[in-house]
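In case you want the letters, here they are:
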Amino acid sequence: MRWLVALLLLALAAPVTAQDTMPPAPYAYTQLEDPAQEEQARELMHTLRCLKCQSQSIADSDAPMAGDMRHQVRTRIAAGESPDEIREWLISRYGDYVSYEPQISSTTWPLFVIPLIVLLLAGTVLLRRMRRKS
Amino acid sequence: MNLTRLRYTLWGIVGLAAALFGLFAYQLSQPKDEFVHSAMIGEPMPAFDLPPAVESRPGLSSADLADGTPKLLNVFASWCIPCAAEAPQLEALERAGANIVAVAIRDRPADVNRFLAIYGNPFTRIGRDDISEVQLSIGSSGVPETFVIDGDGVITYQHIGDIREEHVPILLEELRKAGS
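In the order they appear, the protein sequences are chains A and B.
Its first residue numbered 1, the first sequence is counted upward by one per residue in our numbering.
Its first residue numbered 1001, the second sequence is counted upward by one per residue in our numbering.
Errors might be hidden in some of the hints.
Derived Cβ-Cβ restraints for the label pairs, each shown as a range [to be verified]:
no.	chain 1	residue 1	chain 2	residue 2	range
1	A	Tyr100	B	Ala1017	40 to 50 Å
2	A	Gln54	B	Arg1164	19 to 29 Å
3	A	Leu111	B	Thr1124	43 to 53 Å
4	A	Tyr100	B	Leu1003	44 to 54 Å
5	A	Glu101	B	Leu1020	22 to 32 Å
What the hints contain is simulated information worked out from the structure, not anything from laboratory work.
Computed from a predicted model, the values in this text were never measured in an experiment.
For glycine and all other residues, C-beta sits at the position ideal for the given N, C-alpha and C.
Use the sequences and the hints to build the structure in full.
What follows is the structure, given as structure tokens:
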């Protein structure tokens, strides 16, 4: 019986959330007035990683930090920066990790080159076989 | 003749698959690094100017960090539990002569005051960052984090997470390397 009560109480317990009570940054949930700029900002936000909730994009996350990042994206777009510049700005702070957009670099090039080589190899093998048959 | 070649090819494939699974096993057994490391180590502090987070301490600007004295920059918040856990270690660092400045992330003055009253105030300056602006500009992805800044305002070291006892000598050594 005591166990049951303990279990029931456990179910009622609220998790301690380490989160602030401050209002979100001005442009965390507010769209830009210019629809074209908002579209640009949105597209970019979907390809940036939320650093607090690492498998979500900042567009998908309600973490306060993701809101602060959206604020940065929107205000920078409104100030005339291009999405690529903003992505570069974040990469210079957090490394490639922050961007979901695949980039060819000194560590990632095999990912792009190996499938090409395999495709070429398969193509030549196939071609040879077809020739032999005919 | 042809059959031997086929046999070798098949063994080759088995070997390749085994090597691949070996690689998977190795990678899976490696501990995962959950930390997002700042890419700003070795870079000068970006320009910023934050208002004070509490009345008892001045605010913080990038100019304050390039005044010739190496400093510890503690990124904290009153709502962050590990920040309370590292308070004794910050105190020890201050006693050892470290100049510690801070940025309070998304925090209200009343809450910061309460936090400092309970856990102590080892900071000479506390900037108020309501939208994580400075945090984002130095590549910090959470609270608490502690950066070592040399006298010219260049970031030389990042400590992620709360400072435990074993980290105190490391931070003092990094401060020494930064020229204090």
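In rising order, the numbers of the hints this structure does not comply with: Result: hint 1 breaks, nothing else.
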